[in-house]
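K.L.:
Protein chains in written order, with my numbering: chain A, 291 to 498; chain B, 38 to 122.
Worth flagging that the hints you see were computed from the coordinates, not collected in a lab. Careful: at least some of the hints might be erroneous.
[Stated by the list, open to error] A few chain A residues that face chain B, going by a derived Cβ cut-off under 7 angstroms, partial list only: (1) Val316; (2) Phe331; (3) Phe362; (4) Glu418; (5) Tyr421; (6) Leu430; (7) Leu464; (8) Ile466; (9) Ala468; (10) Lys470; (11) Arg477; (12) Leu484.
Note that beta-carbon positions come from the ideal geometry of N, C-alpha and C, so glycine has one too.
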Amino acid sequence: MSAIEKVSEPVSDELALVQSAKGGDVGAFEELVRRYDRNVFRIAQHITQNREDAEDVVQDAFLKAYSNLEQFQGQSKFYTWLVRIAVNEALMKLRRRRPERTVSLDEEVKTEEDSLPREVADWSPNPEQQYTQAELRDILARTIQGLPPSFRTVFVLRDVEGLSTEETADALELSIPAVKSRLLRARLQLRDRLSRYFQKRESGDGKQ
Amino acid sequence: MKCSEFLNELTNYLDGALDDRTKAELEDHLAWCHNCYVVCDTTKKTIEIYRDSQLYELPDDLRSRLRTAIVSKCHARKKTGPQEV
């Protein structure tokens, strides 16, 4: 079972909380914070790759949502609307930290890793068990860091947070084909890079 | 189905978004093409490893500190009215 809790609260209950918060009930808004702060933090840290920036994004995104609740019309889920705000805040942080590089969700990135490799190395069974939890987290963090921000954002929303393709497109203001194309490339690039750590060895215990 | 066609459909396949006919063609391809089988299997594993990784969990003390800060700023904003962040 997934260790990450999925967002599956009833929408009607959530709309009632949003309505109360719009009416000035900070307690109702606090419940929304409690519901989604862990998700926003994960998304923010995946995009910014920086702990302090991720903390700022959590605060800024929720405050921006609170200040602009009137603009939330309920056409999408509150969570999708919140994710859109959080992704924008996170990208702004990233741009400030890396002004020399343009950071955009629209960037087209061509890499050689997109084509199907001729020789594909199979992985050991249960490859993640070759490493301690701390080693594994380090491998996963370093591997996803190497992806362009536009790829890792789509991967995190779709595959880690469990948003649907439509919700991801909505949150990122991208078309559905654009989400699918980035998702495929992100998945394949991560797979390729993880193979360095997880592939079957001729001998030894599989560690590098 | 060719390997390149398999690759184009991989995301839809893993997301269970293929019609029965394309799914059957893809599975037929996987039955004889070892490379594509490995790519499919390890891509699925990649997704599962990230999903279950607990990477970037919000620690309880930080969580409570952030929530306190957010709530107190919301109260302050309520007194002064809406403003741009």
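K.L.:
Hey, does the Leu430/A contact hint survive, CB to chain B under 7 angstroms?
P.N.:
Interface hint status for Leu430/A: holds (5 angstroms vs cutoff 7 angstroms).
K.L.:
Double-check Glu418/A for me: the hint is only fine if its C-beta lies closer than 7 angstroms to a C-beta in chain B.
P.N.:
holds, 5 angstroms
K.L.:
Can you verify the interface hint for Ile466/A: is its Cβ closer than 7 angstroms to any Cβ in chain B?
P.N.:
It is violated, given that the least Cβ distance between Ile466/A and chain B is near 11 angstroms, above 7 angstroms.
K.L.:
Can the hint on Leu464/A be confirmed by a CB-to-CB distance to chain B that is less than 7 angstroms?
P.N.:
Check failed: Cβ of Leu464/A comes no nearer than 15 angstroms to chain B, outside 7 angstroms.
K.L.:
With 7 angstroms as the cut and Cβ atoms as the points, is Ala468/A at the interface with chain B?
P.N.:
violated, 12 angstroms
K.L.:
May I ask you to test the interface hint for Lys470/A with respect to chain B, counting a Cβ-Cβ separation under 7 angstroms as satisfied?
P.N.:
Where the cut-off is 7 angstroms and the nearest Cβ of chain B is about 6 angstroms from Lys470/A, the hint holds.
K.L.:
Hold the hint about Phe331/A up to the distance rule: shortest CB distance to chain B must be less than 7 angstroms.
P.N.:
Given a least distance of 4 angstroms, the restraint on Phe331/A holds.
K.L.:
Tell me if Phe362/A is really an interface residue toward chain B, meaning its C-beta lies closer than 7 angstroms to one of theirs.
P.N.:
violated, 13 angstroms
K.L.:
Next item in the hint list is Arg477/A. Is there a CB on chain B closer than 7 angstroms to its CB?
P.N.:
holds, 5 angstroms
K.L.:
Quick check on the hint: Tyr421/A CB to chain B CB, less than 7 angstroms?
P.N.:
Violated: closest Cβ of chain B sits about 11 angstroms from Tyr421/A, beyond 7 angstroms.
K.L.:
Does the interface hint hold: is Val316/A within less than 7 angstroms of chain B, judged Cβ to Cβ?
P.N.:
holds, 5 angstroms
K.L.:
Regarding the hint that Leu484/A lies at the interface with chain B, is the smallest CB-CB distance below 7 angstroms?
P.N.:
holds, 6 angstroms
The structure fails to meet hints 3, 5, 7, 8 and 9 from the earlier list, while all remaining hints are met.
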